[in-house]
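S.K.: Letter by letter, the chains look like this.
There are 2 protein chains.
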Amino acid sequence: MRRATILLLTLAAIASAQTPVETARTYRQAHEVEILQQFAELLRIPNVARDTVNIQRNADYVAAEFAKRGVKTQLLSSYGAPPLVFGELNVPGATRTLGIYAHYDGQPVDPSQWLQSPWEPTLWTARHDEGGHAIEFPEPGEKVDPEWRLYARSAGDDKAPIVALLAALDAFNQKGIKPTANLKFLFDGEEEAGSPHLGAYLTTHRDKFADVDVWLFCDGPVHQSRKPQLLFGARGDAHMDVTIYGANRPLHSGHYGNWAPVPAMELAQLLASMKDQNGKVIIEEFYDSVAPLGDEERAALAKMPNYEDELKTELGLAWTEGQGETLPERLLLPALTVRGLSSGHTGALATNIIPNTATAALDVRLVKGNDPEKMLDLVERHIRQRGFHVVPEDPDEETRQQHPKIAKVTRSRGYPAARTEMSLPIAKDIAAAMTEAAGEEVLLVPTMGGSLPLYLFTDLLGKPVLLLPIANHDNNQHAENESLRLANLWYGVDAFAAVMAME
Amino acid sequence: MRRATILLLTLAAIASAQTPVETARTYRQAHEVEILQQFAELLRIPNVARDTVNIQRNADYVAAEFAKRGVKTQLLSSYGAPPLVFGELNVPGATRTLGIYAHYDGQPVDPSQWLQSPWEPTLWTARHDEGGHAIEFPEPGEKVDPEWRLYARSAGDDKAPIVALLAALDAFNQKGIKPTANLKFLFDGEEEAGSPHLGAYLTTHRDKFADVDVWLFCDGPVHQSRKPQLLFGARGDAHMDVTIYGANRPLHSGHYGNWAPVPAMELAQLLASMKDQNGKVIIEEFYDSVAPLGDEERAALAKMPNYEDELKTELGLAWTEGQGETLPERLLLPALTVRGLSSGHTGALATNIIPNTATAALDVRLVKGNDPEKMLDLVERHIRQRGFHVVPEDPDEETRQQHPKIAKVTRSRGYPAARTEMSLPIAKDIAAAMTEAAGEEVLLVPTMGGSLPLYLFTDLLGKPVLLLPIANHDNNQHAENESLRLANLWYGVDAFAAVMAME
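Keeping their order, the protein sequence lines are chains A and B.
Under our numbering, the letters of the first sequence match residues 1 to 503, in that order.
Under our numbering, the letters of the second sequence match residues 1 to 503, in that order.
Watch out, some of these pointers could steer you wrong.
If chains are identical, the list can't say which one is meant, so a pair holds when it fits in one copy or spans any two.
Derived pair list, reagent style SDA-like, types lysine to any residue, alpha-carbon separation capped at 20 Å [claimed, not checked]:
#	residue 1	residue 2
1	K280	P372
2	K312	P404
3	K405	D276
4	K312	R249
5	K312	H403
6	K463	D207
7	K405	Q277
8	K463	D288
9	K405	L315
Worth flagging that the hints you see were computed from the coordinates, not collected in a lab.
Please put together the full structure from these sequences, using the hints given.
M.R.: In structure tokens, the structure reads:
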């Protein structure tokens, strides 16, 4: 009895000596199966922004789960837009307010490319292309391997932070930990569609956000080395589809080949004129509006780990664009990517025709200083300079008869990049909290390569924004077979707990 | 009573004065609805070469219909190959033998692109994109407008000649007309797949064809001006698919854009390096093996109608490749056509990824003098010259690590062009018969732009080959919504009757 009593007293002393981060971690470790179950429950609700019925189901689910944990929630609605889930948790005596943003919608899917339905979360022992195999979900109390992967659309982008926040709140509630800041949650339902209504929502409800000191964006991946990172900005994004026209109908490639224009060839020649062999965009003025880097940003870049060789090996690449420059450096420049090409068919469906159109889907990533419309204007001007008559829709016969080369250019809504000053004082506290949670120093990075509508917060609301991503970089974000590595979910729970409880 | 008797006698006198062509035309005019019904019956049998069950149904149907008309038919079979329908009709006293070739298979279809099922023949008052509308099939005795169109896969390419031959034989049988030559029919079941077994069939059964004086190939379209034409050759054809590789998985276009290779851009640069802005192929030695034209061919070219402006207007083109040269001239050179492009998605399915492969399907049309494999060797050498490591299948990780640029090149079986001397004596008789049938002078053309396995007949069997096409040029051959203009079917019946009965 005596020895048992001493042991209990010792354990109690250890427990009371735990920091909030340690207490939350202990709670999380004991409830990993339950957290996974909740994650799967959320992932089972399809979440493509156009699917209005299921988008509403996602919003309802998220709001209800936060409400259960004491957060005052509200669905902000606007005609024709997915609801924005808003939540607030006020802490008596708190001296600051953290805004926390994530999104519950996901990229469109092509189910034929997936191993299983994108909406049927499946647990794998490792990536399917790295020796993993599918396994049953564990029962409560069973051991969970942190290298396991959960496969589903939005497992990485961007439902993981939502579930990690719920788990951190559970830990706080169960263990009696109080956040040290007031919290305002915002969960977007159309981030993958470019958040077209978020600006209007923020304007309408700006009073709700007036007291936020800093917004934390919980999206995107950690560093490729699996090190945690805190980022100070994100690139902007703009899209353009370009369609080149040949004859007014598909032609037999024998009877007309060598005489009729070949749209796929003209498109190839046009695209080839946009970029040199080293990946430099050769569209006039493409780099002219890029904002120069400051000293802190240069210093942060210099501190980034040299991870080029490992990354090239992992991705199976013997060459990258912009030889001699690293990935973090390249992300500080605008990018022009061909994200899709189509004309006729390839493979078994190919037929002997000259397809009468060819289309390229272009993605232009923007950095600080780039205006989305102006950047697309440069691309369109380049298309004109190459001799194309640019039209906004399929050309009529009169237009066809008048112009040797015709390109249809359609744009979709884009938004600019945003960057927060790296000297922001609260950023140092957040970095310290994340470092404690991760057990290793967090990387400070000037910008994420991906895009988020940060400009609405920095420019419209006038608040600084920091990015706190938790997903593994190899999560196949935006592609088929998206998968979250469970260790990253656990890091997310710990990191959110640390930030919510930081001094 | 008296006047009626005189009228009948007069009609009988007119009938007896009719040439065989006129008699056959009269019969055809009285049976257009029945001919159409038979056409639709044949078109309802799907005929993609890979669809072995339906290919057999086509062969059985064709053989049975010719047998009904007194042709001794036989299905030539070979393991794994569609049957070749062989038929012979021997005429006592005939001094020559005509070989007649057509094919009953059709190009693959993408049903989503069709107005109706490709296998449900539908009658239209005109082209669907030129004000036509679908109508019911007429009842026997009802009037048939020669401008009507029959929509279905293979309506133009190449079931129309089969049905026209059956109708011509009906006319001969019903009106007691005897062919003036022995006839040997050959109907191919995999022409659209490149006739991979036809050579073996002809070798095995060459005794059956030993007495053929000239082969008539009934395939392809008449001139764009709707004038009838007799052609003395066809281009050859060879295919190559080229796939360019990026990372070993699709990457997020934000997190990696401007650093990761973009396969679609590298493919565009490669394709652009193959052809100049005027449509000239700039692959080294591409034109070196082209056989020079003879005097008769030059003279025939000079006699071709100048139809460039009408054709450009019809096709909605303000520019064509090889400015200053006409279509018939351009068809006497090899052609390089991009018949398909694919990488990721365009339009609504496009996502923000860098697709990890991009593929182009290339079609190389060949002229006399070009060896198919050697021409593809030139293209492949060009790809290597552009810095690509060429592989025959998807690269493994080791290959990826070693080579900055990787292209998978796959070839499919091709065959060479063939041309018959334009001075061939029997060609003059055939041209005269066709001119009588059409009521206007037939054009003599050195080569068709499309491809047919003529080389097997010219090179393997050592026989001259002439092409007698009947389809309208605007039949959407090989593409969706293929349609035959009925006037062209009637011309086919009349032309075959004229040739079978020529002195």
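S.K.: So, for every hint listed, does it hold in this structure?
M.R.: Hint-by-hint comparison with the structure:
1. For the identical chains of this complex, K280 and P372 are intra-copy neighbours only, at 19 Å inside a copy versus 37 Å across copies, given an alpha-carbon limit of 20 Å.
2. When the C-alpha separation of K312 and P404 is checked against a cutoff of 20 Å, the pair qualifies only between copies, where the shortest distance is 11 Å, while the shortest distance within a copy is 43 Å.
3. In this homomeric assembly, K405 and D276 come within 20 Å of each other (Cα to Cα) only across copies, at 15 Å, whereas the closest approach inside a single copy is 23 Å.
4. In this homomeric assembly, K312 and R249 come within 20 Å of each other (Cα to Cα) only across copies, at 12 Å, whereas the closest approach inside a single copy is 44 Å.
5. In this assembly of identical chains, K312 and H403 lie within 20 Å of each other by CA distance solely across copies; the values are 12 Å between and 45 Å within a copy.
6. In this assembly of identical chains, the alpha carbons of K463 and D207 lie at most 20 Å apart only when taken from the same copy (13 Å versus 89 Å across copies).
7. Taking CA atoms no more than 20 Å apart as the test, K405 paired with Q277 passes between copies only; the shortest distance there is 11 Å, against 25 Å inside one copy.
8. In this assembly of identical chains, K463 and D288 lie within 20 Å of each other by CA distance neither inside one copy nor across copies; the values are 27 Å within and 68 Å between.
9. Taking CA atoms no more than 20 Å apart as the test, K405 paired with L315 passes between copies only; the shortest distance there is 14 Å, against 38 Å inside one copy.
The structure does not agree with numbered hint 8 stated previously, though it agrees with all others.
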